[in-house]
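Engineer: Spelled out from the first residue to the last, the chains are:
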Amino acid sequence: MRQRTTLAALALFAALFVASSLMSDFFKVTQVTLPDGSRAWRWLISAGMPRLGEYIEMTLPTLRWQSFLSDLAEWFWRWDIWLRLLVETILIAFMATTLGVIGGFLLSFPASRNLAPNRWVLWISRRYLEIARTVPELVWALIFVFCFGVGPMAGVLAIGLHACGALGKLYSEVNENIDMRPLDGVKAAGGSWFDQIRYGAVPQVLPNIISYTLLRFEGNVRSSSIIGYVGAGGLGQEFRTAMSLQDYTDLSALFLILFVTVAVIDWGSEKVRHRFIEKENHR
Amino acid sequence: MTHRTLHISGVTRRFGSKTAVDNVTLDIAPGQFVGIIGSSGAGKSTLLRLLNRMVEPSSGEIRFGHREVTKLKARALREWRRECAMIFQQFNLIERLDVLTNVLVGRIAAHGFASSMVMRFSDAERQMAIEALDRLGMTEHALQRAGTLSGGQQQRVAIARALVQKPQIMLADEPIASLDPGNATRVMDALRSINREDGLTVLVNLHTLDTAREYCDRIVAMRTGRIVFDGVAGQLTREVVRDIYGGAGTDEFNEAITSTRLPLPELALA
Numbered sequence: 001m002r003q004r005t006t007l008a009a010l011a012l013f014a015a016l017f018v019a020s021s022l023m024s025d026f027f028k029v030t031q032v033t034l035p036d037g038s039r040a041w042r043w044l045i046s047a048g049m050p051r052l053g054e055y056i057e058m059t060l061p062t063l064r065w066q067s068f069l070s071d072l073a074e075w076f077w078r079w080d081i082w083l084r085l086l087v088e089t090i091l092i093a094f095m096a097t098t099l100g101v102i103g104g105f106l107l108s109f110p111a112s113r114n115l116a117p118n119r120w121v122l123w124i125s126r127r128y129l130e131i132a133r134t135v136p137e138l139v140w141a142l143i144f145v146f147c148f149g150v151g152p153m154a155g156v157l158a159i160g161l162h163a164c165g166a167l168g169k170l171y172s173e174v175n176e177n178i179d180m181r182p183l184d185g186v187k188a189a190g191g192s193w194f195d196q197i198r199y200g201a202v203p204q205v206l207p208n209i210i211s212y213t214l215l216r217f218e219g220n221v222r223s224s225s226i227i228g229y230v231g232a233g234g235l236g237q238e239f240r241t242a243m244s245l246q247d248y249t250d251l252s253a254l255f256l257i258l259f260v261t262v263a264v265i266d267w268g269s270e271k272v273r274h275r276f277i278e279k280e281n282h283r
Numbered sequence: 001m002t003h004r005t006l007h008i009s010g011v012t013r014r015f016g017s018k019t020a021v022d023n024v025t026l027d028i029a030p031g032q033f034v035g036i037i038g039s040s041g042a043g044k045s046t047l048l049r050l051l052n053r054m055v056e057p058s059s060g061e062i063r064f065g066h067r068e069v070t071k072l073k074a075r076a077l078r079e080w081r082r083e084c085a086m087i088f089q090q091f092n093l094i095e096r097l098d099v100l101t102n103v104l105v106g107r108i109a110a111h112g113f114a115s116s117m118v119m120r121f122s123d124a125e126r127q128m129a130i131e132a133l134d135r136l137g138m139t140e141h142a143l144q145r146a147g148t149l150s151g152g153q154q155q156r157v158a159i160a161r162a163l164v165q166k167p168q169i170m171l172a173d174e175p176i177a178s179l180d181p182g183n184a185t186r187v188m189d190a191l192r193s194i195n196r197e198d199g200l201t202v203l204v205n206l207h208t209l210d211t212a213r214e215y216c217d218r219i220v221a222m223r224t225g226r227i228v229f230d231g232v233a234g235q236l237t238r239e240v241v242r243d244i245y246g247g248a249g250t251d252e253f254n255e256a257i258t259s260t261r262l263p264l265p266e267l268a269l270a
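The listed protein sequences derive, respectively, from chains U and G.
Its first residue numbered 1, the first sequence is counted upward by one per residue in full-length UniProt numbering.
Its first residue numbered 1, the second sequence is counted upward by one per residue in full-length UniProt numbering.
Please keep in mind that the hints were generated in silico from the structure rather than gathered at the bench.
Using N, Cα and C, we set each Cβ at its ideal position, and we do this for glycine too.
Be aware that a few hints might be false.
What the hints assert, rightly or not - In silico SDA-like pairs for lysine to any residue, Cα to Cα no more than 20 angstroms straight-line: (1) G:Lys-166 / U:Arg-273; (2) U:Lys-279 / G:Arg-96; (3) G:Lys-71 / U:Tyr-128; (4) G:Lys-73 / U:Lys-279; (5) U:Lys-279 / G:Leu-143; (6) G:Lys-73 / U:Ala-116.
Unchecked claim - Covered stretches of chain U, as calculated for chain G (at least 3 residues, CB under 8 angstroms): (7) 182-193; (8) 269-275.
The following block holds chain U by itself, in its conformation from the complex (with noise of 0.2 angstroms):
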């Protein structure tokens, strides 16, 4: 029965895997130019590697010991507007997450199978959620430029709207998971339904959703600097100007900016959040 079940599922892997494969053309075969100026049959992952490195090399600045300073500052010779950007990056992720924090935190609740007052509550509070957050980021970016026009406003609720869904579905399973006796004590004090939220729930879960909030400002650093691709604020935009008019050494400036803030920002809060672990385990 077992050895059945491995089998299929070991026939199902090979059939998907043959179907994305053709589909996504893995084993196409395609023409080239060699270096001697004939034509040749390839596999168009080989004739396409060496293209992968010749774009980075594109993007590579030239440095040059004698002129290094200069030459650095060719390199980063819109840092002014770079600088000014990064940090409208940063604070587009932060209002992103607390505007997600906020909305998930309130319908985590009301989300959560063993809280909600009734099952029309759960049965909307999770539907909203579900959508805010399959809809991704970029989409969502680009019906609030749509709306609001370009600037950070419209990634500001992109994230937030996606952030609130996610954290919203990871809070109530958080949730689900708590003891139910303080619940009952302060239902039987009197209490009302948002009391037992209050001073059952809250106190429980609190460590939990400050761990999961700080998991989820990296990862919206990393969203809030794309998102501007598509006019919706931050440093994306420069990306698609660098792009368009093949300025590829400010690619990797670029680059290298985000990959340091990105860096920067998830050692801090690895951090913060292992002290904070530590500290509510020594309560």
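Given the structure of chain U, go ahead and fit chain G onto it with the hints provided.
Structural biologist: For chain G alone, coordinates are given in the frame of chain U:
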């Protein structure tokens, strides 16, 4: 006096095909200390939870004086729950909050939405909470997290929470079942003092016969959801007890099995 009598008439509660409480009719006079006994699954817990509407009856009526408890809604229902405080076998405290806040939860029925959400309590309420804790010898733990206390201490905090509700009735659902004998005695003594000094009606579910005999003015026994005995401790003869617990296979029902008394005198100091 009659306006504070609790009337339970023909109350039934079914869970699916199982009848947990079967057509129970009881009148509880104010100030009585009533023990409800019976083997586990006899419906004792459901009966208590019907009284504060934590469980809804399938049929029947509960009245407190002229008030129809079974018809109360929203705010009036919460007010009723404030009036008949409940303590639980597992204490049901919020372990991550401090003792004082746990006791203050007993005041939330009187609070509006905003002040309750920000956990804002008046000085008078705090004083009330401290007085209640003091009465149970728990003042020194007021700022400790409830989860760090022992079971017996947690149950006393739960009683303090019940006291600040300023209730008329105290429902206790197996309050000593998870406690060691020393703590069990302290908790039962606390309930007795509340009953005698404050004149509260006490309804307590017990599975230990000797505790029921020692503390209760009146003993009600349940079996498969029905009342099978209602009287004073002296009327609980060996035959009656065997009938209550079903005497499953044993001729000799050993009361000591259910005892919370200490077998060794020196342990009494623990």
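Engineer: Hint by hint, say whether it matches the structure.
Structural biologist: Quick rundown of the hints versus the structure:
no., hint, in the structure
1, G:Lys-166 / U:Arg-273, "violated, 43 angstroms"
2, U:Lys-279 / G:Arg-96, "holds, 13 angstroms"
3, G:Lys-71 / U:Tyr-128, "violated, 35 angstroms"
4, G:Lys-73 / U:Lys-279, "violated, 43 angstroms"
5, U:Lys-279 / G:Leu-143, "holds, 18 angstroms"
6, G:Lys-73 / U:Ala-116, "holds, 19 angstroms"
7, 182-193, "holds (count 10)"
8, 269-275, "violated (count 0)"
Checked against the numbered hints above, the structure violates hints 1, 3, 4, 8; every other hint is satisfied.
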